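**Q** What follows is each chain in one-letter form.
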Amino acid sequence: MFMAFSDPVPALEIRGLCKSFTRPAVDGLDLTVRCGELYTLLGPNGAGKTTTLRMVVGLLRPDAGSIRVRGVDALADPRAAKQVMAWVSDEPMIYDKLTPLEYLELVAGLWGIDGGEARLRAQRLLDWLNLAPHAHQRCESFSKGMRQKVALAGALVHEPSLIVLDEPLTGLDAGSARLVKTVLREHVAAGRTIIMTTHILEVAERMADRIGVIAGGRLIAQGTLDELRRQAGAKTGDGGQSLEDTLEDTFLALVAEEAAAA
Amino acid sequence: MSAPGSIAWIARHELRLAWRDWLAMMTAGGRTRVRTLLVVLLGATAFMHAIAFSIVGRFAAPALDADKTTLVVVTGSALLSWSLMLSQAMESVTRAFYTRSDLDLLLSSPVPPARAFAVRIGAIVLSVTAMSALFAAPFINVLAVLGGARWLTAYASVAAAATAAVAIAALLTTALFRTIGPKRTRLVAQIVAAVIGAGFVVGLQLAAIVSQGTLSRLAVLASEPLVAIAPDVGSLLWWPARAVLGDMVAGLAWLAASGVLLCVAIAVVAPRFADCAIAAAGTPHAPTRPSRFVRPARRAGLGRAFRGGSPMALLRRKEWTLLLRDPWLVSQTLMQLLYLLPPALLLWRSFGGEAGREILLVPVLVMAAGQLAGGLAWLAISGEDAPELIATAPLAAGTILRAKVEAVMGCILTVFAPFVLALALVAPAYAAVAGLGIAIAAASATEVQLCFRAQAKRSHFRRRQTFSRVATFAEAFVSIAWAATAALAATGTTLAAMPGAVAVGILARAHLFGPQSTAS
Chain Z
806 MFMAFSDPVP ALEIRGLCKS FTRPAVDGLD LTVRCGELYT LLGPNGAGKT TTLRMVVGLL
866 RPDAGSIRVR GVDALADPRA AKQVMAWVSD EPMIYDKLTP LEYLELVAGL WGIDGGEARL
926 RAQRLLDWLN LAPHAHQRCE SFSKGMRQKV ALAGALVHEP SLIVLDEPLT GLDAGSARLV
986 KTVLREHVAA GRTIIMTTHI LEVAERMADR IGVIAGGRLI AQGTLDELRR QAGAKTGDGG
1046 QSLEDTLEDT FLALVAEEAA AA
Chain W
4 MSAPGSIAWI ARHELRLAWR DWLAMMTAGG RTRVRTLLVV LLGATAFMHA IAFSIVGRFA
64 APALDADKTT LVVVTGSALL SWSLMLSQAM ESVTRAFYTR SDLDLLLSSP VPPARAFAVR
124 IGAIVLSVTA MSALFAAPFI NVLAVLGGAR WLTAYASVAA AATAAVAIAA LLTTALFRTI
184 GPKRTRLVAQ IVAAVIGAGF VVGLQLAAIV SQGTLSRLAV LASEPLVAIA PDVGSLLWWP
244 ARAVLGDMVA GLAWLAASGV LLCVAIAVVA PRFADCAIAA AGTPHAPTRP SRFVRPARRA
304 GLGRAFRGGS PMALLRRKEW TLLLRDPWLV SQTLMQLLYL LPPALLLWRS FGGEAGREIL
364 LVPVLVMAAG QLAGGLAWLA ISGEDAPELI ATAPLAAGTI LRAKVEAVMG CILTVFAPFV
424 LALALVAPAY AAVAGLGIAI AAASATEVQL CFRAQAKRSH FRRRQTFSRV ATFAEAFVSI
484 AWAATAALAA TGTTLAAMPG AVAVGILARA HLFGPQSTAS
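Chains as they are written, first to last, in the working numbering: chain Z, 806 to 1067; chain W, 4 to 523.
Keep in mind the hints are simulated off the structure, nothing from the lab. Values in this document were obtained by computation on a predicted structure and should not be read as measured data. Note that beta-carbon positions come from the ideal geometry of N, C-alpha and C, so glycine has one too. Incorrect hints may appear among the rest.
Selected chain Z positions facing chain W (in silico; Cβ < 7 Å) [as the list claims (entries may be wrong)]:
id	residue
1	Met-898
2	Glu-907
3	Leu-911
4	Gly-914
Okay, the calculated beta carbon distance ranges per label pair [said to hold, decoys possible]:
id	chain 1	residue 1	chain 2	residue 2	range
5	W	Gln-458	Z	Cys-823	21 to 27 Å
6	W	Leu-20	Z	Gly-980	35 to 41 Å
7	Z	Asp-882	W	Leu-416	33 to 39 Å
8	Z	Glu-1007	W	Leu-416	54 to 60 Å
9	W	Ala-11	Z	Asp-868	19 to 25 Å
10	W	Ser-313	Z	Ser-825	36 to 42 Å
Please model the complete structure; the sequences and the hints are all you need to start from.
**A** As structure tokens, then:
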């Protein structure tokens, strides 16, 4: 049973997160994602979005800071945190020599789901994502869009409460993109939480409950689109952006201001 | 300057790519390693010449009118080398059809595809010649210094043999395309290449075992029945052998004949190159319905591999399924098993043969197990296709690694158990030593791969050595050391402790200095 916004325990809580490579990629990031919301991270290239998400799912170890997934310390108890999370990267890595059905059964098994239940869920997801006709073909002949859908199905098959997606719509055609957006919205409506990055501002504008803007490894603004417009106006000193301004205008204003300050 | 799009222009482009590819392979991408590479190459060259001197120094000046036995032995040995050239050429030609990289660019450009193919085939000839000359050069040089410049004709023989190999490989691959279609050609060509590479060597050894009861292929080549049925010394069949022995006329004739064969192959294949390459590109890697190669796996229950079971069991089954479904790995494994055939036949013959001969099997099996385990461990550990899925699964890192190691050891058990059981029927003590040696060698090779694990694509299996040369050498030497240990242990001598200590030392160093040693 999933709890929506009223759940006092956040789906994801990040405090003072830092990670440096040759230069700081994430620099003292604080971020809270509430249960049952679709949160979109925006930011220019190299802002630290993907690095942040990779630390959340345990693919990178932070230099400092804390990550709590539904109240569980993800750094102290990564297995418990991973049990309720799923991750899909922008370059879907799936097994070429497995069929989508086998892949989904494997993923379900890794998350401890019983074989019969795994098959039912896998078939339902394949139907949902229009992959059922290809259920018994090996993934090696699939297009990037189909691979992306298989990877997404893999993320959903164990019904995680927090789904972490890095550019989930990259490489999808218009029909597939709409399908994926619908699937994601339905999961949020069912009480699950999604945090995702995207470069397609229209997607964030239409889908996100809240949007976070990252630049230089720090969260420079967050909120609903209206809240972001107000923050952008306050930062640029023009008394507030027009309500007709698109997210693109708002985003560019916020990032430009941050760049000027840096 | 050559005109853009001309054969010379494309050839220059191909040569530049080949040179950079070779340099990257030799230096593992490190520019600062070029000087080290030069020093290593010079050292290796000197060492190889010393080895060559000790082997062929005394044959530097035989009479040109070599007797029939010499011609048979030289021809047989040349055929052995040529079978390896043909294997390499078939693999390269197959890759020329299937590897996309710049093929899409070339085929979408206004350059005639036949021209691009001719250049690509020429590049393969150069590459096969260079590789073969690398091994032959120390021997030819030693003979030329000691016996005169006429021995340099052997270089022409090497070039001629490589040219003929590539021409035949091109014709064979195209014939496969036409007969079985692009869908199956890649798999079949890879397997044929592996079988050709090992088949002739193994075949001669099998013949030697059957006729002479030894593992020496020279025994069968120099045997009286074979020499008796061979053509007369004046036959044209011996010209390649005469060319190897320094006959300039024979060398030039052999080179010219190979050149003509290559031109014929290019003329026949080049016009079809674009069609074949496009057909290869349009072929899904796997058929919609299970192929013949997959059906046995289905029968074995792998079709339901991922329904139920613990996460560890799932991971093990995943590794086995991926291995079984990979044509290239099937051919690689086939190659390893082919080399086990001669010792297996020796074992079979030894049921009525002299006692104690089976001891030969012990180091062969241990060495083969170490090598096979190293390859499988690289695939399971470094060649993980979905590392992020596995890393984000709610499993401890140790559990994941243990499952992968168990998958590797399971394969080794499946492959080697029949040999050990058969050996146990003849010599139980040797079987016990071999079994223990196999387990230790396989575990050691896997441990080396664990210490040097990296993230790589499974498709890079052929070039896994380039990811870590230290790991490659450590894996090879540890297998050799355990094979020596097992052989000595089978004889009952305490000297077995010496190579055993060397193996443990190598493992300790790998564990201490491997990039993953601190992380694991």
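**Q** Look at the Cβ atoms of Leu-20 (chain W) and Gly-980 (chain Z) and judge whether their distance stays inside 35 to 41 Å.
**A** 39 Å, holds
**Q** Return holds or violated for the Cβ distance of Glu-1007 (chain Z) and Leu-416 (chain W) against the range 54 to 60 Å.
**A** The hinted range 54 to 60 Å holds for Glu-1007 (chain Z) and Leu-416 (chain W), with Cβ atoms some 56 Å apart.
**Q** Is the hinted range of 21 to 27 Å satisfied by the C-beta distance from Gln-458 (chain W) to Cys-823 (chain Z)?
**A** 24 Å, holds
**Q** If you take the shortest Cβ to Cβ gap from Gly-914 (chain Z) to chain W, is it below 7 Å?
**A** 4 Å, holds
**Q** So, as I understand it, the hint says Leu-911 (chain Z) touches chain W; can you test that by seeing if any CB pair is closer than 7 Å?
**A** Nearest chain W Cβ about 4 Å off; hint holds.
**Q** Does the Cβ pair Asp-882 (chain Z), Leu-416 (chain W) satisfy 33 to 39 Å?
**A** 36 Å, holds
**Q** State, for the Cβ atoms of Ala-11 (chain W) and Asp-868 (chain Z), whether the hinted interval 19 to 25 Å holds or is violated.
**A** Between Ala-11 (chain W) and Asp-868 (chain Z), where Cβ atoms are some 54 Å apart, the hint is violated.
**Q** At a threshold of 7 Å, is the proposed contact between Met-898 (chain Z) and chain W supported by beta-carbon distances?
**A** This interface hint holds because 4 Å falls under the 7 Å limit.
**Q** Double-check Glu-907 (chain Z) for me: the hint is only fine if its C-beta lies closer than 7 Å to a C-beta in chain W.
**A** 5 Å, holds
**Q** For Ser-313 (chain W) and Ser-825 (chain Z), compare the CB-CB distance with the range 36 to 42 Å and indicate the outcome.
**A** Between Ser-313 (chain W) and Ser-825 (chain Z), where Cβ atoms are some 38 Å apart, the hint holds.
Going through the hint list in order, the structure does not satisfy hint 9, though it satisfies all others.
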